[in-house]
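Peer 1: If you're matching them up, the sequences are chains A and B in order.
The numbering used here numbers the first residue of the first sequence as 1 and each following residue consecutively.
The numbering used here numbers the first residue of the second sequence as 1001 and each following residue consecutively.
Think of the hints as simulated: they come from the structure by calculation, not from any bench.
It is possible that part of the hints are untrue.
If you anchor each label on the Cβ, the simulated ranges turn out as follows [said to hold, decoys possible]:
| no. | chain 1 | residue 1 | chain 2 | residue 2 | range |
| --- | --- | --- | --- | --- | --- |
| 1 | A | G253 | B | G1093 | 28 to 36 Å |
| 2 | A | W135 | B | D1228 | 20 to 28 Å |
| 3 | B | D1186 | A | V24 | 50 to 58 Å |
Which chain A residues stay away from chain B? Per the calculated CB distances, all over 12 Å, these [as the list claims (entries may be wrong)]:
| no. | residue |
| --- | --- |
| 4 | R6 |
| 5 | T86 |
| 6 | L90 |
| 7 | V98 |
Note that the coordinates shown come from a computational prediction; the quantities given were computed from them, not determined experimentally.
Idealized CB from N, CA, C, for every residue including glycine.
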Amino acid sequence: MNDTLRLAEIALPVVLGLTLLALVCNVVVVAGRRPDAARRSGSEKRVAVGVGASGDSRDRRSSEASAAGAAALAAPRGLRLASYATAFTLVATVLLTVYIAVRWAETGHGPFSNQHEFAVSFVWGILVSYLVAEWRLGVRALAIGALPVAAGLTLYAMQLDAGVQPLVPALQNSLLLTLHVGFAVVAYGAACVSFAAAVLYLVHPRLRLRSLPGRQTFDEVGYKAAVVTFPTLTVMIVLGAVWADTAWGRYWGWDPKETAALVTWLIYGAYLHARVSRGWQGKRSAWLLILGFAAVLFAYFGNHFFGGLHSYG
Amino acid sequence: MTVGDREAVSTADDAPPAAAAPSGGTVSEVTVGDLFRRAYQLFYSKIFGLWVILVVTVLMLCGVLIGQASAGTWADPASREGFLSDARTRFGGFTPVLEALGLFRVFTSPLFYVAITLLALSIMACTVHRTPVLWRAWREPRLHPSDRFFDNARLRGSVTIDADEATTRQNLEKTLRSRGFRVIPDPRDERGLYADRFAWGGFGTVVAHTSFLIIIGAFVLSSSSGIDEMLSVPVGGEPVEVGHGTGLTVEATSFVATYNDEGRPLDYVSHLIVRDEAGTEVAQDTRVNAPLVWGGVRLHQNSFGIAADVRVQDASGGLLYAASVPLLWRSDDGSTMIGRFYLSGHDAEVLVATAASGAGRSASMEAGEASFVLYVGDAASASDGVTVAQGTPAPLGDLTVVFEREREYTGILVRHDPGAVWMWVGSVLLVVGMTITFACRHRRVWIRVCGSSPARVRFASNDKKDLVFERRLAELLGSVAEHPDVTSGNQGGTS
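Chain A extracted, bound-state conformation:
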């Protein structure tokens, strides 16, 4: 491994530290008092878009708040801490992006060819998915579920051999390597956000965090993240089939890793069907999301014990 890569590796402990700092800040923000006063004193006009029987008062408040604008969400102190939390996450994501870019430049291919590189990419997917969810849906509490997973995977990546090895012949397809694993990274990241939402939904009654959004919100965020996970998993599997057809002569061979990916896809498919057509919400769908993410981890860590055509190291 050359000096550039060795230098770039310093990014990983920094990312770990920033992720943990962001987690702590987010916990403090979510545990703190909801800044109702600031919202009330605002001169903005509000449109009450209430959720009906299925929602609770905290859901109503969050809907009102979203209509009133994000600026009214936090009191100055909470706002400052929340900004720090977002900034820490953002900087961690940028550092990971730089680390991935450096490896890409040094190796000449997408850094997805071994367990270390995929672990780092997985963390990147989680952080980006979390940031998008925070930005689009304004649910900061997701950090409590998503960032520990990101931190754990960063720690795991740091334990793995980060050495650069040339690609084995089967992986020498830069375009498909990048696209196939790139979609996996996005899908897995979104799956982690849906997992975080599902966990928060389930533990919601036991949490005494004053700024925690309504339980229903986590149900919906879990669904929204799964709606990203499922199509991206689909594209990932299809691209894998295209690649397998080119490299191995058949688009599907029931290889353990590809079958595990299909099992994951089926679980998310079952979740979406159960929710959309059977109205499964709440606990049952939350457990399905947790099962889905367990399948994601199973498929990811399976490289260690599956064998088969995907065991590249």
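Put chain B on the given structure of chain A with help from the hints.
Peer 2: For chain B alone, coordinates are given in the frame of chain A:
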């Protein structure tokens, strides 16, 4: 129970006495139509569909967790017994149960085929059942909700606007249309409006479900037709016929395997020449990710190894066999490499073995020698065996065998898959269908404008909770409230 079911019950209750079952016993006549209807109801049941998905998932999980035997291993009794012996060490007394359930070959087991068939039927029935519902939601939406709907809907709210009723309604229509909503006035209440976006979005599910059927069909087509054969092509040897009516031959003029200093493979490349019957030829360096394609036939770099050039003659000196036999298997002690070939005219199988490279002196043969063992018919024991020096003819039963030399072979997988194109069609449709389903979700809102100056706008939707939709709706109505009359610029208030 559906509305249709309730109507059926009601009709039965109202039926004249003559249609009732005779007293003292129940006689029910089940027609083919009834059976079909019941089967249809079962297959379009979402619960049934979910159970089938669960069963397929569990079977696939078994395929991942339980080591699967290849078709070749399962077909060969000795290999199969070896596989089962290994399985016994892992699964103990459960091995016969797993074997009986077909879980060692789960993806070709009857259980799996049944589950996939049920899944296909379920998808088909759901699609057929759902299409008219989606059509009605698009073309004939329900335009008039009850007053209570505005009090109880899952998503509801109100805005007070300082403008008269007609202006507010007009302004709402204009704003909604400008944001991509279809707006239809309530025909039963002039105060009401119905607005929706992506009314056709539900058809994404029809596309996605249909695509899944195409994918299943592609699997069936791929597994039941086409070409899937491994050719061992001797490097620098005679061309090998591709067969299967293609009229093609393939010749390998070179094979190079490259490794780095640590022994990690870097490249496998065979220079192949493919010729058709007309003598047209195409040549290409064939790599793992760069197959040679001729028409619909593809030749993939798959493996490589050592082959033994063998010649077999019958008692009269007639040539029975002359080819390179790939030495595909290594003996348990690692000392020899073994290959086999068939003499179909003699109902005989011949095993040929040479000393493995780097194995040192074999117990049974020297380097440059080959051993031949002859099996005739289904006999379990060999009928003859001989070890010969390179180039020396030797008797084997009533045959004469010659071991000419060792040479490299390159393993070329020949594929022609008529199902592949359907797989790609299904895959594209699946992604398109999903994109439509999730990116273009049908969103509906019912609006009622009450009173003038201020006008109270009540809105409601029974769609599932959606933070983004709520926010957009709030912004939209807020915008109307901010500018109740675009021409006059009057300001309004919201609550």
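Peer 1: Each hint should be assessed against the structure and marked as holding or not.
Peer 2: Going through the hints against the structure:
As the Cβ distance of G253(A) to G1093(B) is approximately 31 Å, the hint placing it in 28 to 36 Å holds. Between W135(A) and D1228(B) the beta carbons are some 49 Å apart, a value that contradicts the proposed interval 20 to 28 Å. As the Cβ distance of D1186(B) to V24(A) is approximately 53 Å, the hint placing it in 50 to 58 Å holds. For R6(A), the shortest C-beta to C-beta distance to chain B comes to about 19 Å, beyond the 12 Å cut-off, and the non-interface label holds.
In this structure T86(A) is separated from chain B by more than 12 Å, as the shortest Cβ-Cβ distance comes to about 18 Å. Even its closest Cβ contact with chain B, about 22 Å, leaves L90(A) beyond 12 Å, as expected for a residue assigned away from the interface. Every Cβ of chain B is farther than 12 Å from the Cβ of V98(A); the closest lies at roughly 28 Å, confirming the non-interface assignment.
Violated hint for the displayed structure: number 2, the only one.
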